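> In case you want the letters, here they are:
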Amino acid sequence: MIDVKNLTKWYGSVPAVDDISFHVEKGQIVGFLGPNGAGKSTTLKVLTCFHPPTSGTATVAGHDVLDESLQVRRKIGYMPEAVPFYPEMRVGEFLKFRASLRDLRGKQRKIAIEHVAKRCWLSEPENMMRRPIGQLSRGYKQRVGLAEVMLHNPEVLVLDEPTIGLDPAQIRAMRDLIRGLGDDHTVILSSHILAEVEQTCSRLIIIAAGKIAAEGTADELRRRVLGPSRLIVELKGADDGEFISSIKAISNVRSVEATAAGNWTRLTVQADTNADPRSEVFALASQKGWQMRELRREIGSLEDFFVQITYEQNVLAGERAVASA
Amino acid sequence: MRKTLILARKELAGYFISPVAYVIGALFLLVSGVWFFHKIFIPGNEASLRPLFEAMAYMMVFAVPLITMRLLSEELRSGTVETLMTAPITDTEVIMGKFIGVMGFYAVLLAGTIVFLALMYAYGQPDSGVAVMGYLGMVLLGSSFVSVGLFTSALTKHQLVAAMISVTILAIFAIGMQEMVAYAPSPWNELASHVNAMTYFKDFARGMFDTRGLVFFLSTTGLFLFLSVKTLESRRWR
Ligand SMILES: Nc1ncnc2c1ncn2[C@@H]1O[C@H](COP(=O)(O)OP(=O)(O)OP(=O)(O)O)[C@@H](O)[C@H]1O
Ligand SMILES: [Mg+2]
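Going down the list, the sequences are from chains W and A.
The opening residue of the first sequence carries number 1 in this note's numbering; numbering runs sequentially from there.
The opening residue of the second sequence carries number 1 in this note's numbering; numbering runs sequentially from there.
The following block holds chain W by itself, in its conformation from the complex (with noise of 0.2 Å):
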């Protein structure tokens, strides 16, 4: 549905994406995820036609977003970062003037802002049609934003960090209403938060400094950053030499190192990657009459990798600064 190939764009003598390439298939949900100034928003205008590539190619339902742009902007539903707006104009009244520009008239423009104001949490409380923009809050504006990109039902949605700004039970309510979406269309959002991502999202594609740093569904990272396995276990019953050659014993295990808590033994084991020796170490226990108080396996969060790619990019940048002093 989306197919980019070496893209890069410059603004001026600043590079902002650098050669990266990208396909998402129709029905796909993909999160975009990076630090600030990572070039996520700026993928995202070349993607919606508003900022031309400096080179490589970019398209969207076959269509390039040079060439084609009209067809390829009649297909997207586009809402920018700071979803900006005519503050003087109505809420119904803005709605109707874009539902205009997207071709849709007389009844069938009626029932689709009648749509997406139900299914953008519009329709309450009453007056909100004939509200001034200007004069909601944050998070009604975001909601009037959501809204309009849906209006003409778009084979693919482009939303950057579309749930900023929302409170608890709206970016709730929204990761349920773009996950929704994701039978019939293809989404691409942006955000700097893994949690959201991970949670809506069927593919993630981290971006650092212009580049894609990794790529996969969230399973496929988090397996990146496991690395082998490490379980956390605390003992008592015996000393620090038996339980580790005992469970040095148990096969997958590669070491064991034991340190002291309190009268208990705290021992971490190192065992091959993706093995799982709980059941083992647990059933050893019970058979030497040891006794437990913790058995845990560390899972690398992904919250790590992604902090560990920021800072990579972090140094990178400082060095590129400090190159160019």
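I should point out that these hints are in silico values taken from the structure, not numbers from a laboratory.
All values derive from a computational prediction rather than experimental measurement.
Be a bit skeptical, because a hint or two may be false.
[As the list claims (entries may be wrong)] Not everything, but these chain W residues come out facing chain A in the computed CB check (under 8 Å):
(1) Arg74
(2) Glu88
(3) Leu101
For every residue, glycine included, the Cβ atom is placed at its ideal position computed from N, Cα and C.
With chain W held as given, fit chain A with the ligands onto it using these hints.
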């Protein structure tokens, strides 16, 4: 064409909820009213609308830039240009829609001055030819002024800068050229007379149909609308 009209309607409606537009409209009618009662509507005076039309034309040098300054500058400043230009609408449709929208508001302003015309008819026998040609001249002059204002509004996101540039351009063609015709040595005065907006307009205000004036106003309108489209297009490349 449909989208042009949709946009034009939105722009026109925007003027009716804009305090700036009301202030400009009120000032324009006030000043033309003062002029009318002071210079024209005097017992024993010849019933001619000519001085009123000329005064209105000079006022437009300042009024039009104030009306047009927000057209694109405001979209550029607030970022709505992003939602507008990612909708399926061409740059030409955007410019034409805005142009027609302002011309609508301009027509409303002019319609306000018909009161003066009615008063003249009630108390005297003004020359109907002057009235018709005068309004035609105002519309032609207006369209070329508006296209200049639209163009400068596409240049910058600062409304006031846009207004100042267009006042300058309009003043050069409406006032500066007249001075050149009067004082510059030849061949400069000769050249200036070809681009002097006010001589053309004054023919209309006298009740004459000036073909060269028609060509001048229409071609400047076309030129500046074209430049506006190109400026908007080039924004994508930055
Ligand atoms: N209009 C512009 N002119 C010049 N440079 C720009 C422009 N827009 C963005 N940039 C630069 O391009 C780079 C990428 O910006 P972009 O907005 O794509 O980042 P982002 O990933 O969306 O960040 P954020 O999470 O803060 O929204 C940044 O270095 C930014 O300073
Ligand atoms: Mg961004």
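> Determine which of the earlier numbered hints do not hold for this structure and return their numbers in increasing order.
Every hint satisfied by this model.
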